[in-house]
Every structure is written in structure tokens, then in C-alpha cells.
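A.B. asks: Now for the letters of each chain:
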Amino acid sequence: MIDRTQVLHVARLARLQLSDEEVGRMSTELSSILGHIETLAALDLSAVEPTAHVVPGAGRLRADEVRPSLPREVAFENAPDVADDGFRVPSPQA
Amino acid sequence: MSAELTDLTAKAAIDAIAAGDLDAAELFGAYRAAAAADELNAYTWVAEDTPDLGVAADAPLRGVPLAVKDLFCTRGVPSQAGSRILEGYRPPYDATVVAQLAAAGTSLLGKTNQDEFAMGSSNENSGYGPVKNPWDHTRVPGGSSGGSAAAVAAGLAPWALGTDTGGSIRQPAALCGIVGLKPTYGSVSRYGMIAFASSLDQAGPFARTVTDTALLYAHMHGRDERDATSVGRPDEIALPTGERLDGIRLGVPDTLTGEGVEPGVMAAFAAALETARSLGATVEQVALPHADHGLSAYYILAPAEASSNLARFDGVRYGARSEAGDLLSMYTETRHDFFGDEVKRRILIGTYALSSGFYDAYYASAQKVRTLIARDFDAAFAGVDLIVTPTSPGVAFPLGAKTEDPLSMYLNDAFTIPISLAGIPAISLPCGLSEGLPVGLQLAGPAFSENRILEAAHALERAFAFENTPSRIGGGAAA
Numbered sequence: 001m002i003d004r005t006q007v008l009h010v011a012r013l014a015r016l017q018l019s020d021e022e023v024g025r026m027s028t029e030l031s032s033i034l035g036h037i038e039t040l041a042a043l044d045l046s047a048v049e050p051t052a053h054v055v056p057g058a059g060r061l062r063a064d065e066v067r068p069s070l071p072r073e074v075a076f077e078n079a080p081d082v083a084d085d086g087f088r089v090p091s092p093q094a
Numbered sequence: 001m002s003a004e005l006t007d008l009t010a011k012a013a014i015d016a017i018a019a020g021d022l023d024a025a026e027l028f029g030a031y032r033a034a035a036a037a038d039e040l041n042a043y044t045w046v047a048e049d050t051p052d053l054g055v056a057a058d059a060p061l062r063g064v065p066l067a068v069k070d071l072f073c074t075r076g077v078p079s080q081a082g083s084r085i086l087e088g089y090r091p092p093y094d095a096t097v098v099a100q101l102a103a104a105g106t107s108l109l110g111k112t113n114q115d116e117f118a119m120g121s122s123n124e125n126s127g128y129g130p131v132k133n134p135w136d137h138t139r140v141p142g143g144s145s146g147g148s149a150a151a152v153a154a155g156l157a158p159w160a161l162g163t164d165t166g167g168s169i170r171q172p173a174a175l176c177g178i179v180g181l182k183p184t185y186g187s188v189s190r191y192g193m194i195a196f197a198s199s200l201d202q203a204g205p206f207a208r209t210v211t212d213t214a215l216l217y218a219h220m221h222g223r224d225e226r227d228a229t230s231v232g233r234p235d236e237i238a239l240p241t242g243e244r245l246d247g248i249r250l251g252v253p254d255t256l257t258g259e260g261v262e263p264g265v266m267a268a269f270a271a272a273l274e275t276a277r278s279l280g281a282t283v284e285q286v287a288l289p290h291a292d293h294g295l296s297a298y299y300i301l302a303p304a305e306a307s308s309n310l311a312r313f314d315g316v317r318y319g320a321r322s323e324a325g326d327l328l329s330m331y332t333e334t335r336h337d338f339f340g341d342e343v344k345r346r347i348l349i350g351t352y353a354l355s356s357g358f359y360d361a362y363y364a365s366a367q368k369v370r371t372l373i374a375r376d377f378d379a380a381f382a383g384v385d386l387i388v389t390p391t392s393p394g395v396a397f398p399l400g401a402k403t404e405d406p407l408s409m410y411l412n413d414a415f416t417i418p419i420s421l422a423g424i425p426a427i428s429l430p431c432g433l434s435e436g437l438p439v440g441l442q443l444a445g446p447a448f449s450e451n452r453i454l455e456a457a458h459a460l461e462r463a464f465a466f467e468n469t470p471s472r473i474g475g476g477a478a479a
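Sequences listed follow chains E and H, in order. First residue of the first sequence: 1, per the numbering used here; consecutive thereafter. First residue of the second sequence: 1, per the numbering used here; consecutive thereafter.
Hints are supplied without guarantee of correctness; some may be wrong.
[Said to hold, decoys possible] So the derived label-pair ranges between C-beta atoms look like this: (1) E:Asp64 with H:Asp246: 51 to 59 angstroms; (2) E:Leu61 with H:Pro60: 30 to 38 angstroms; (3) E:Asp3 with H:Glu435: 50 to 58 angstroms; (4) E:Ala41 with H:Pro60: 32 to 40 angstroms; (5) E:Val48 with H:Gly232: 26 to 34 angstroms; (6) H:Glu87 with E:Glu38: 36 to 44 angstroms; (7) H:Ala311 with E:Gly35: 21 to 29 angstroms; (8) H:Pro60 with E:Arg4: 35 to 43 angstroms.
Please keep in mind that the hints were generated in silico from the structure rather than gathered at the bench. Note that this is a predicted model, so its numbers are computed, not measured. Glycine included, every Cβ here is placed at the ideal spot set by N, Cα and C.
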């Protein structure tokens with residue numbers, strides 16, 4: 001069961017604002033989904049190794065060489081606000 | 001115009017262009033006109049002109065048009081992943097697989113609608129409106145690659161790219177009566193795919209025939225130094241020629257009892273197994289004791305990875321931004337205003353599962369269940385060549401039927417998710433009708449067994465003789 005306080009705590013961690021209506025709805029829906037997921041608790045997993053990645057042979061890294069990257073003006077093309085060769089954002093302390 | 005042209009398989013079109021009997025520009029024009037008149041909302045962007053096909057027409061795929069799921073980055077072309085937070089985003093580069101297929105001679109026809117960030121099984125989570133199923137316009141096409149599947153089924157594209165995280169190629173292929181392949185994880189580069197769940201996401205082809213599916217995949221795979229999780233295949237992909245299944249051992253999971261599956265789907269599945277036997281296959285039960293826990297493990301792992309991947313959408317470098325007085329409010333309001341409900345739901349589940357105090361109970365447990373599921377498949381493939389199930393427990397359902405109950409929507413993927421967790425390949429091909437709507441058959445094999453899967457699927461396709469020529473299907477009661 002996920003109550004409103006927990007929804008608000010997780011939303012804050014996820015940098016996600018929720019309306020009052022959304023908090024209530026998410027509390028109900030997440031409780032239902034996590035209730036289904038609880039079935040995992042019935043398994044004895046103490047001797048099982050976790051799997052983060054399924055394919056053997058992956059993870060080879062390329063040589064660490066300097067290569068051309070996106071030109072600055074191209075990287076700015078999709079930005080909502082650009083100023084002085086940088087991404088402009090509101091002040092953290094406004 | 002040209003129902004004959006848009007009814008051609010990609011292979012037939014390529015052969016006709018190579019023989020000088022068909023002009024690649026004429027083919028592109030026919031598809032462009034069909035796609036521009038799309039009544040299914042399958043496309044979010046369609047090419048305005050016929051591209052210069054000079055070079056492409058000499059390449060192996062001869063300039064044949066390709067529809068691409070919206071979440072693949074296409075240079076200078078909108079790539080919005082079905083999300084309003086990326087409205088108008090035009091990437092400065094191509095996804096590796098898009099570049100590979102362009103080099104092989106496909107021409108970009110359009111970008112296809114999808115569930116937002118590939119989260120969904122009905123395409124109703126798109127920020128750009130739902131897609132209609134070409135067999136019945138009042139029903140969903142499946143998801144998340146619903147636009148790609150609907151476009152191919154309706155003759156608005158000869159073939160298309162999709163992605164599959166928990167079933168997002170196979171399930172819409174099944175619901176639209178076409179073929180879709182989820183390749184072995186790692187065999188196709190993920191570079192330039194807007195990420196959902198990185199340990200599960202895999203690109204793959206949609207087409208109307210098994211041969212076209214094999215042909216597109218043959219030009220997609222390969223190790224890419226820009227994706228450290230990509231690996232080279234041990235073999236090349238051959239065009240399938242199989243007509244028989246002699247000596248092939250098919251396994252049916254012993255948990256597949258019919259519970260939770262529509263009777264018409266079980267009947268079509270039983271008939272498909274009978275057809276397989278008539279072609280020489282043997283059918284036996286296999287144990288997959290942990291597969292039933294796949295859905296639970298998936299709905300921890302995929303949202304956890306998504307909550308991390310989607311942190312990049314913060315209104316700073318690209319995409320939409322909500323104006324706010326301070327930085328933190330700008331982040332939280334941008335994400336509130338431009339993410340849809342399902343995306344918010346999964347971000348919250350994933351953040352919860354990764355949060356302090358819950359990590360071991362959820363995320364670590366799910367990773368261990370993933371180990372058990374992968375071992376189950378290894379053990380099963382010691383006794384059988386392929387595992388068969390219905391692709392989806394039901395046929396295409398009415399628009400709006402499951403949007404109020406996220407859990408019932410998730411259950412659509414009960415047969416596809418365990419395979420995704422194990423990283424192994426699987427195909428869905430149409431095997432019959434239930435209530436006048438297509439039923440998909442799923443064939444799964446061990447890692448890198450795509451050739452075995454495609455050979456068997458080809459033999460079954462010939463025997464099923466399923467009619468999915470675009471000019472002869474559906475349109476549906478409410479079309």
C-alpha cells in the first residue's frame with residue numbers, strides 16, 4: 001500500500017510535480033500494481049545471483065581516443081533557451 | 001493508383017526494381033501518397049518529397065521505403081518518441097540502425113506513432129493520439145510500436161522498424177495480422193534509440209511476410225562501438241526457405257492452460273500446433289517454473305531503468321519547458337506538464353523500487369528472478385528447439401477498454417515478457433482469426449537462433465496461408 005505521503009516523497013525524488021488529484025489516483029494505482037508485484041516475496045532468492053545483463057561478450061569498450069563531437073551551435077539547436085554560448089535556466093534561488 | 005504497388009512484398013518490389021520492371025521513385029510515390037492519406041493516425045511525420053533514389057536504387061534494398069518508429073533518432077526529422085516533452089525535436093544525428101538501413105538502400109518514408117516512450121500495449125498512451133487497427137478502426141493496434149504495425153498491415157509501408165522491451169513488436173504484430181521479430185538482445189545497436197529500459201530495449205523489423213522480416217533484420221544487426229551492449233552475431237541471416245518441420249521439437253509451457261486466454265485465441269493456437277504436427281514437428285510440454293513471475297519482475301526492472309533514463313528530460317537541453325520562477329520548479333513543472341499519465345506512473349514505480357529501504361525488496365529481487373527465468377529457458381532448450389505460445393492472450397480490444405486499469409493492460413504482455421527478460425529472440429506471425437481478428441503465434445528460441453526461428457516460421461506461414469494483403473483486409477465495421 002502506497003499512501004499519499006509516500007507518493008509525494010517519491011515524486012519529489014523524481015523531480016515530478018503532481019496535482020492533488022494525481023496524488024490520489026497514483027496512490028490507488030501504484031498500490032494495485034505493487035500488490036501484484038508482492039508475489040515475488042514468496043520466492044526464496046537467497047542463493048540466486050542477480051542478472052543485470054543477459055548477453056555474454058558485451059561491454060567491450062572502444063579505445064579512449066579524442067574524436068570530434070557535436071559542434072556547439074548544433075547542440076544548441078533544440079534548446080529551449082540559449083544565452084552566452086550556454087543553456088540558460090532560471091536561478092536556483094529565485 | 002496503385003493498390004497493386006502497395007500490395008507488393010518488399011522482396012517482390014526489390015526484385016522488380018532490380019529487373020528494371022519497377023521504378024523505385026514510382027514505388028516511393030505510391031507509398032508516400034498512401035501514408036499522407038493515413039486515416040489510422042499511424043504516422044506522426046511523412047516525407048514530403050520523393051528522395052533522390054540514385055544511390056539507393058543500386059543498393060541491396062533498392063530504395064524501398066521504410067517506416068520508422070518515432071523513438072529512433074532521424075537527423076533533421078522529428079523524433080518525438082510519442083511524447084509531448086519532445087514535440088518538434090529534430091535530432092542532429094541518425095540512430096545506427098537507421099543509418100545502416102539507409103546504407104543498405106531503404107528510403108525514409110515516415111515516422112510512426114507509438115505509446116509515449118514505448119510504455120504501453122495499445123498505443124493509447126501516445127501524446128499524439130491513438131492509432132486505429134486497420135482490421136477494425138474501433139480497436140487498438142497494440143503497442144507500443146502500434147503505428148509501425150498498423151502502417152505495414154494497411155499497406156501504408158512495405159515494412160517498418162519497431163522496438164520491443166516487453167512485447168512492443170510482437171504484440172502489435174499479432175493484433176494487426178503481420179510478422180514481427182524481437183531479435184536477441186544486443187544483436188542490434190541501440191545507439192540513437194530514445195531509451196526506455198536499456199537492459200531490455202531491442203530494435204526489430206515488422207513486415208507482412210517472414211521473408212521480408214528476415215531481409216530487413218539481415219541489414220540491421222551487427223556490433224556497434226557506440227553501443228557497448230551490442231554484440232556481433234555468430235552467423236549471417238539467410239532468407240528462409242523452409243517448407244517442413246521434420247524433426248523440430250516444439251515446447252508448450254506447462255503453465256499455458258488456457259486460463260486468462262480468450263477461447264478463440266486458444267482454439268487458433270491449438271489449430272496452429274496441429275498444423276505444425278502435420279508438417280513433421282513434435283509438440284511436448286516444457287516447464288518454465290518461474291515464467292509466471294516475469295510480469296512482476298518486469299514491472300520493477302523496466303520502470304526502474306525508465307525512471308533513470310527519463311531523468312534527462314528536464315527542460316534544459318532539448319524538448320519542452322514550462323516557465324517557472326526557479327530552477328527546481330522549472331524541472332518539476334516541465335515534467336508534470338509534458339509527461340503523460342503512464343510515464344508518470346512508471347517513473348514513480350521505478351523511483352520507489354530504487355529508493356532507499358526498498359531497493360533490496362524490489363530491484364535486487366527482480367534481478368534475481370530474472371536469473372531464474374533465464375535458467376528456465378536454458379533448461380527448456382536442452383529438450384526442445386523452439387517454445388511456442390499465443391503472442392497475446394486476446395485479439396485487438398476496443399479503444400478505451402483497458403485504459404482505466406493499468407494492471408489489466410500489463411497482462412497483455414504475459415507471454416512476451418519472460419522472453420524479453422531472458423534476452424532471447426522470438427517472432428510473432430499470424431496463424432488465424434478469432435472473432436474476425438488476427439491471432440499471433442509466438443516462436444522463441446535460444447540466443448542467436450534467429451535463422452532457426454525464421455525457417456520454422458516460414459514453413460508455418462506457407463501452411464497457414466493467412467491472408468494479410470493490404471487491399472484485402474479489414475477496414476472494419478466502423479471504417
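A.B. asks: Do the beta carbons of Pro60 of chain H and Arg4 of chain E sit within 35 to 43 angstroms of each other?
C.D. replies: 58 angstroms, violated
A.B. asks: Range first: 30 to 38 angstroms. Now tell me if the beta carbons of Leu61 of chain E and Pro60 of chain H are that far apart.
C.D. replies: 31 angstroms, holds
A.B. asks: Could you say whether the range 26 to 34 angstroms given as a hint is met by the Cβ separation of Val48 of chain E and Gly232 of chain H?
C.D. replies: Holds, since Val48 of chain E and Gly232 of chain H (Cβ atoms, about 30 angstroms apart) stay within the stated range.
A.B. asks: Does the hinted range 51 to 59 angstroms hold for Asp64 of chain E and Asp246 of chain H at CB?
C.D. replies: This hint holds: roughly 52 angstroms between Cβ atoms.
A.B. asks: Given the hint of 21 to 29 angstroms, check if Ala311 of chain H and Gly35 of chain E actually sit that far apart at their C-beta atoms.
C.D. replies: 27 angstroms, holds
A.B. asks: Using the Cβ atoms, figure out if Asp3 of chain E sits within 50 to 58 angstroms of Glu435 of chain H.
C.D. replies: 42 angstroms, violated
A.B. asks: State, for the Cβ atoms of Glu87 of chain H and Glu38 of chain E, whether the hinted interval 36 to 44 angstroms holds or is violated.
C.D. replies: Distance hint for Glu87 of chain H, Glu38 of chain E holds at roughly 38 angstroms.
A.B. asks: Tell me if the beta carbons of Ala41 of chain E and Pro60 of chain H are separated by a distance inside 32 to 40 angstroms.
C.D. replies: The hinted range 32 to 40 angstroms is violated for Ala41 of chain E and Pro60 of chain H, with Cβ atoms some 52 angstroms apart.
Hints 3, 4, 8, counting from the list given before, are not met by this structure.
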